[in-house]
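Given next are the chains, with one letter for each unit.
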Amino acid sequence: MTDIAIRAQGLSKLYRIGERQPYKSLRESIMKGLSAPFRGERSCAETIWALRDVSVEIGLGEVVGVIGRNGAGKSTLLRILSRITEPTAGRAEVHGRVGSLLEVGTGFHLELTGRENIYLNGAILGMKRAEIQRKFDEIVAFAEIERFLDTPVKHYSTGMYLRLAFAVAAHLEPEILLVDEVLAVGDAAFQKKCMGKMGDVARGGRTVLFVSHNLAAVQALCSRALLLQAGTLVAVGTVQSTVARYLAETGGRPASMEDLRDHPGRTRSREKALKRVWLEDGAGRSCSAVPMGAPLHVRFSFGSSRPIRNPGFGFGIEDGTGRRVFSLNNYMVPSDANTFATLASGEALLEVPALPLLPDTYYISVSVVEDQREWVDFVERAIAFQVHPSDCYGSGKIPEPSHGVVFVHGSVVVEPAARDRDAVTGGGGYG
Amino acid sequence: MKSAEPLPLVVIEPTRRLAALRLGELWEYRELLYFLVWRDIKVRYKQTALGAAWAILQPLMTAAVFTIFFGRLAKIASDGLPYPLFSYGGLLVWTFFAQGLSQSSNSVVGSAQLITKVYFPRLVIPIAAVLSGLVDFAVALPVLAIMMWYYGIWPGVAVLAVPLLALLALVAATGVGLWLSALNVEYRDVRYVVPFLVQLWLFVTPVIYPASVLAPRLQRLGLPAWLWGINPMAGVVEGFRWAMLDAPTSPGPLIAASTVTGFTLLLSGAYYFRRVERSFADVV
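As given, the protein sequences belong to chains A and W, one line each in that order.
Heads up: the first sequence runs through residues 1 to 431, numbered per our numbering.
Heads up: the second sequence runs through residues 1 to 284, numbered per our numbering.
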């Protein structure tokens with residue numbers, strides 16, 4: 001009975017298409033009202049079920065991940081559970097105070113100082129003033145903004161702003177915490193810090209529902225996961241099994257070429273600059289599978305509506321569990337051939353002379369970045385490929401998944417101790 | 001969990017019937033209300049060069065213009081009070097009402113960021129917008145005291161009614177603000193209606209002229225003088241002058257009528273707001 005934190009039964013949410021920005025004008029409503037009697041039935045607007053009949057139980061203290069493609073209904077589920085929007089049908093019981101973290105820095109005001117924003121943001125997130133006062137020093141220390149406490153946040157750098165915003169949110173202490181993708185901001189060091197804090201929260205016995213595209217983060221934090229697809233709940237189970245199912249269903253089959261213009265994996269995008277991605281073997285033939293240790297060429301074409309300043313082109317390889325195995329971009333390995341002041345279109349090529357991966361299905365994410373920081377376009381798991389077993393050491397012993405994630409070329413040298421060396425070199429000493 | 005007290009249970013389901021006002025929840029969020037009022041005031045004064053001076057300048061300049069045109073040139077009656085005092089006294093409460101109404105009618109649309117990301121009783125937003133005007137009112141009030149001292153006019157016992165009349169202005173502004181802020185989410189026309197509405201409303205409120213000008217005309221039509229109190233601000237403005245400036249009027253029935261309409265607006269506004277707020281996050 002009491003060990004359930006959230007019980008949802010048949011939660012559904014219907015949106016009229018375009019209901020997001022479409023305030024009516026008074027004139028339209030009046031005209032519609034006047035003409036309605038003459039048209040008989042009111043024409044039905046096109047509708048979409050953002051969430052359809054979702055039933056799930058989440059235990060007290062459980063940390064549950066919510067995964068799925070963009071538009072699968074993850075955020076809608078969180079918005080309903082945090083009471084921001086009402087379900088169209090269904091019912092949910094929530095035991096305990098809910099804190100929702102759908103964005104960092106909600107309600108921050110640029111004209112106010114860091115100190116003032118801590119109080120304002122804390123109150124907006126549902127903290128009592130006494131609670132904020134008690135945690136004030138901790139928040140400031142976590143955000144590392146002691147010196148700028150009394151500076152208006154409009155003078156803050158992006159990093160400082162995000163740190164402060166996350167710091168306030170991270171010190172919320174509701175019984176149930178709903179988190180949506182807030183870790184996808186800031187630089188790597190900051191993300192690591194956020195992950196650490198989230199880990200503390202997760203281990204602190206609180207119930208957490210965590211929506212993220214970052215499968216590694218979901219796997220690190222959560223014990224169970226829900227998989228949503230087009231508004232319906234298609235899988236609930238251990239985080240490993242759910243992630244595996246998600247990847248199997250949405251990662252796509254290995255293919256030698258993928259069109260990226262309407263790829264569902266597009267997550268952060270200013271414009272659809274990425275056009276096409278394809279794979280080639282060492283001889284330049286298109287392929288969707290390569291043997292272990294063979295060369296692999298990944299190539300994508302891009303075109304932007306305006307020239308991109310100091311453009312960056314990135315490749316990230318993930319394994320079947322969603323773990324990033326390696327990444328490479330032109331900022332890491334700059335050369336005359338990949339550095340431009342501005343560039344609007346072309347092709348980018350990742351050349352791996354010998355792929356050090358074990359047999360599995362792998363996914364490649366590709367990105368275009370402006371001036372080291374700003375996302376132009378990013379397509380997650382844009383294309384999949386297979387690595388076949390091969391006798392990479394020429395010994396007939398093929399490494400397998402239990403041996404690790406990658407294989408390397410090297411040698412194993414054995415140096416017998418001096419006493420034994422005599423025995424060995426002496427040859428036939430035993431006889 | 002550490003505490004033995006049972007966890008609060010929240011049931012989430014579609015609202016079917018008339019939504020309850022849930023004033024208890026509003027009370028729980030009083031600190032948020034406080035912080036939003038505090039933010040509004042802080043930001044308003046921070047962003048302007050003259051800051052709090054605007055709270056005084058606006059009614060003062062308007063009163064000066066009214067004095068020249070309506071007091072001197074048109075020679076409009078002022079219940080025996082010096083016209084500058086008469087008009088500034090009226091403008092003081094009127095400005096509070098008009099500001100509160102305009103601020104709150106845009107408040108929900110202006111808080112789209114908050115509404116789509118965090119849950120809290122949405123009623124907090126328009127109420128905070130009206131409340132933040134109280135500070136301007138408090139800033140402009142001493143100027144009235146200075147003018148009274150200059151003209152040698154002292155309030156009588158009726159001055160005790162001033163807080164109640166200010167409360168009635170607050171109630172009226174909140175009531176209209178709730179209606180308009182909720183309507184504004186669905187019909188963005190409201191943004192254009194508000195300045196127009198405020199302007200017209202000023203003319204049907206005894207700010208420029210006293211209620212005594214209109215009363216005989218109503219009576220000639222066989223209507224009671226208090227009928228004008230249907231405009232809640234008629235009772236407030238007339239009453240404020242009576243209470244503060246000891247104007248020789250007896251606005252009792254007018255105030256009573258205004259109280260009824262003021263609270264009717266507040267209640268109906270609150271219910272309407274609660275009824276439509278469930279779709280705010282989807283539409284705003």
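Don't take every hint at face value.
Here are the simulated BS3-like pairs of lysine-lysine, each with C-alpha atoms no more than 25 Å apart in a straight line [unchecked claim]:
| no. | chain 1 | residue 1 | chain 2 | residue 2 |
| --- | --- | --- | --- | --- |
| 1 | W | Lys-42 | A | Lys-135 |
| 2 | A | Lys-272 | A | Lys-197 |
| 3 | A | Lys-128 | W | Lys-42 |
| 4 | A | Lys-197 | A | Lys-128 |
| 5 | A | Lys-154 | A | Lys-135 |
| 6 | A | Lys-154 | A | Lys-193 |
| 7 | A | Lys-275 | A | Lys-193 |
| 8 | A | Lys-275 | A | Lys-197 |
| 9 | W | Lys-46 | A | Lys-272 |
| 10 | W | Lys-75 | A | Lys-154 |
Per the computed footprint, the stretches of chain W lying under chain A, defined by three or more beta-carbons under 8 Å from a beta-carbon of chain A, are [to be verified]:
| no. | segment |
| --- | --- |
| 11 | 114 to 120 |
| 12 | 273 to 283 |
These are computed hints drawn from the structure, not numbers from a lab.
Note that the coordinates shown come from a computational prediction; the quantities given were computed from them, not determined experimentally.
We put the CB at the ideal spot given by N, CA and C, even for glycine.
Going down the list of hints, with the structure as the test:
1. W:Lys-42 x A:Lys-135: 23 Å, holds
2. A:Lys-272 x A:Lys-197: Distance of about 34 Å is beyond 25 Å: violated.
3. A:Lys-128 x W:Lys-42: Since the Cα atoms of Lys-128 (chain A) and Lys-42 (chain W) sit roughly 20 Å apart, the hinted pair holds (cutoff 25 Å).
4. A:Lys-197 x A:Lys-128: Holds: Lys-197 (chain A) and Lys-128 (chain A) sit about 21 Å apart, inside 25 Å.
5. A:Lys-154 x A:Lys-135: Distance of about 23 Å is within 25 Å: holds.
6. A:Lys-154 x A:Lys-193: Judged against 25 Å, a Cα distance of about 23 Å means the pair holds.
7. A:Lys-275 x A:Lys-193: Violated, because 35 Å separates the two Cα atoms, which is more than 25 Å.
8. A:Lys-275 x A:Lys-197: Between Lys-275 (chain A) and Lys-197 (chain A) the Cα gap is close to 38 Å, so the pair fails against 25 Å, i.e. violated.
9. W:Lys-46 x A:Lys-272: 41 Å, violated
10. W:Lys-75 x A:Lys-154: 52 Å, violated
11. 114 to 120: Since three or more residues must qualify, the claim that chain A covers the segment 114 to 120 of chain W holds, with 7 doing so at under 8 Å.
12. 273 to 283: holds (count 5)
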